[in-house]
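For the protein sequence lines, the chains are A, B, C and D, in the order given. For the first sequence, the numbering used here begins at 550 and goes up steadily by one. For the second sequence, the numbering used here begins at 550 and goes up steadily by one. For the third sequence, the numbering used here begins at 898 and goes up steadily by one. For the fourth sequence, the numbering used here begins at 898 and goes up steadily by one.
By construction, these hints were calculated from the structure, which means they are not laboratory data. Here the structure is a predicted model, which means the values were calculated and not measured. Don't take each hint at face value.
Stated by the list, open to error - Here are some, though not all, of the chain B residues that point toward chain C, as calculated from beta-carbon distances under 8 Å:
hint	residue
1	Asn-599
2	Gly-600
3	Gly-646
4	Ala-649
5	Met-677
6	Ala-716
7	Tyr-745
8	Asp-748
9	Leu-751
Unchecked claim - Here are the in silico distance ranges between beta carbons for each label pair:
hint	chain 1	residue 1	chain 2	residue 2	range
10	B	Glu-752	D	Ala-1043	36 to 46 Å
11	C	Lys-944	A	Glu-592	31 to 41 Å
12	C	Lys-944	B	Glu-752	21 to 31 Å
13	C	Leu-912	B	Lys-612	30 to 40 Å
14	C	Gly-1042	D	Thr-976	20 to 30 Å
15	D	Lys-939	A	Asn-569	52 to 62 Å
16	C	Pro-957	D	Lys-1036	26 to 36 Å
What the hints assert, rightly or not - The list that follows gives simulated cross-link-like pairs (lysine-lysine, DSBU-like), each with its CA atoms no further than 35 Å apart:
hint	chain 1	residue 1	chain 2	residue 2
17	D	Lys-1049	B	Lys-732
18	B	Lys-688	C	Lys-939
19	D	Lys-1061	B	Lys-612
20	A	Lys-732	C	Lys-914
21	C	Lys-1061	C	Lys-939
22	A	Lys-612	A	Lys-700
23	C	Lys-1044	C	Lys-911
Note that CB positions come from ideal geometry on N, CA and C, so glycine has one too.
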Amino acid sequence: MEYVANKENIAKRIARFFKNGDVVNLGIGLPTLVGNYVPEGVELILQSENGFMGLGPAPEPGKEDPMLVNAGGMPVSILPGGCYFDSAMSFAIIRGGHIAATVLGVLEVDQEGNLANYKIPGKMVPGMGGAMDLTVGAKTVFAATQHFDAKGSSKLLRRCKLPLTAAAQVDYVVTDVGLFQVKDGAFVLKEYFKPYTVDYILEKTDADIVVDKDCKEVDLA
Amino acid sequence: MEYVANKENIAKRIARFFKNGDVVNLGIGLPTLVGNYVPEGVELILQSENGFMGLGPAPEPGKEDPMLVNAGGMPVSILPGGCYFDSAMSFAIIRGGHIAATVLGVLEVDQEGNLANYKIPGKMVPGMGGAMDLTVGAKTVFAATQHFDAKGSSKLLRRCKLPLTAAAQVDYVVTDVGLFQVKDGAFVLKEYFKPYTVDYILEKTDADIVVDKDCKEVDLA
Amino acid sequence: MVQKPIVTADEAVKLIKEGDAVMVGGFLGCGSPTGLIAALEKRGTGKMTLICNDCAMYNPKTGEMNGVAPLVAKKRFSTAVISHIGTNPEIQRQMNEGETDVQLVPQGTLAERIRAAGAGLGGVLTPTGLGTEVQDGKKVVEVDGAKFLLEKALSGDVALIRAKKADKSGNCVYDKSGRNFNPLMAMACGTVIVEADEIVEIGELDPEVVVTPSVFVTHLVQGRK
Amino acid sequence: MVQKPIVTADEAVKLIKEGDAVMVGGFLGCGSPTGLIAALEKRGTGKMTLICNDCAMYNPKTGEMNGVAPLVAKKRFSTAVISHIGTNPEIQRQMNEGETDVQLVPQGTLAERIRAAGAGLGGVLTPTGLGTEVQDGKKVVEVDGAKFLLEKALSGDVALIRAKKADKSGNCVYDKSGRNFNPLMAMACGTVIVEADEIVEIGELDPEVVVTPSVFVTHLVQGRK
């Protein structure tokens, strides 16, 4: 079986977790895609950590407002019912557990729920921005990642080697091969995504995986 | 010489301390009188700890707004340039040293700058309200008090006996007999108010008083 | 934007259970949710903890009272965490006779403790109360040579909030000095019931002037006219 | 209400001394005081400490930059206390080559540390950073069985603030996501210079919608149109 990276499937699966009215913060990059796959009848309320609720889509070209950008500095819009606040309030909302979930990108994630996604010493040191607060504060933390890096190594590990963003905070890891819940020091495989198999996942992942008794195949196509 | 309590003189003398634009919080009761004696050309900006700046006079009878009251619950007004805020911001302003001065009433004040003004155990326990934060936070703390209580005892003491509102925070004690600066564990007499004399003050006050080399008589009439 | 349920005051106070810690906005009655207070007085649940700036005004001669005073009179609360009780002789009587456990907290410390809970902080370091009875039993922490009291975050189960306007998603604005503790308490409880003088459609509030973002609010009640 | 001096950007930045800790509002350039930044770039004072959310955007290929990036390019700051530098390769180069001391702080912690300084608090207890490099050298405080990092208050000498409107007494409102750190930094410095897109008469701002009360502001600058 050949691995083909599939960001859309990761986003699709995470999107199914949400219920109507959930307040969610989506990290820049892959996590942002989640917003494209929210099921019919479910409205997510997006929080933007640079200071507002009700994050809406990018405006049409030419209609951008330089004073209204997302946490990546890109022009966006605000939906009716949204509101602005300062950075202390923004992170009070995040750290105080008022966000149902956050979806964050991954450099490494391990079976203890540790996440590393902000620093490769000596190589990439962009700073943690809001990632540490989001990981600690959101009620449910989704780590969204391709299952393998460019060299084919598993991004799910027994123990992160990179500096941590947060210790023991990840609840779910969603990759393009399966859905894992972090529990009691292991990745519990809840779903494997067609065309991958349980055996493939167990063989190729460099971590302790427990196959849930209700583990099932899911077709995200 | 007979002591005659004179709240107006206390208020008059404190009012002369202020310069134009000073932001001040005046406690309920005697301290509120200070606002009546601010010199020509000096505008005080009054902060009201229940949540606004620009505290103005009581409205005409019949024009009171129940949603606009001072920290004593009495109807007041707001001046142009004032603004409303919540209690956290109100005390950020107070505790953060953004208030030039506060004027507080006194049960006891001592030569170490300790103030007791919120509690007489077993008798009067109203709670400290904002007094502890005001005493700690304001840049200059004025203790405003009649020099003697109803029984004729000095309210300026070597050591407070009542529970403290704050330790070593009082800068000036202004009574109806004189102006004292609290310094190096003593009351430094800076001014004595006509008709009182230095000897009278030294004799009648139950605390260590140092007479300032520039100490002078002031007529507040 | 998803709407929050609009309920009656009577329905709303059924969300409060015996023994709950209940935060009530207002300062000497100004900005208190009077409809919710009346419903809670009527309901009769006791043994709760009241977290409030003060116990409001009560004149035993005339019987006049405002704010949370009716709840005190009916002894709906067995504990009060509060900064000022000087305007309510009944709570002072209950305290003196050991009927109600009154925990006095400096007003600015109360505000920060509630905000800290809402903001996911464990507490704050404040100079307020150093060298006073407020220090008793608390940790003193030195930071760069200066001493501070460690004051712990203070959360509640239910917040009763009075707003001037709320939109149907829960965004709130307040009315003059009626703002006080309301926006802080709205951050610090799992159930946050807003009694609004006016409930407006989503989109009617200017997003620049919202004080309490909708994310904190769980229920709306139409205030009494 | 007493008026604050209205000065030019060039006059304003003369208030900044070599070695000062300077807070600059803005998030990836959105809500940064561009006129003050240009004046400070021109002025040439170095060895300052920059306290800012990020080092803004800089594209080394095109030379395009925004926010505080020109100050970084001209090395006006020898220390940066900052949450994110990923969009400015020049500050990363300075850090890697030891030219600038970069202290990375989680964004929410940076916000609370600045607010704490403004609010007279010694610091806050936050769970953010526990078990990470951010914990190094910091006190861990346990409150009711939960662990927190003690994060100290962070004050500055001068704050450079961008507002949408300021009245002549210094009350400010902001513009959409340009609000970010501006209101917090305005609380935490002795000298607070507000560059406002529009300076209006006292009384023109609704007292209900003011975000930064005048008490914090020391100087006003008319923003560039």
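> Checked against the structure, which of the hints given earlier come out wrong?
Replying inline: Violated hints (numbers, rising): 3, 4, 7, 8, 9, 10, 12, 16, 18, 22, 23; every other hint is consistent with the structure.
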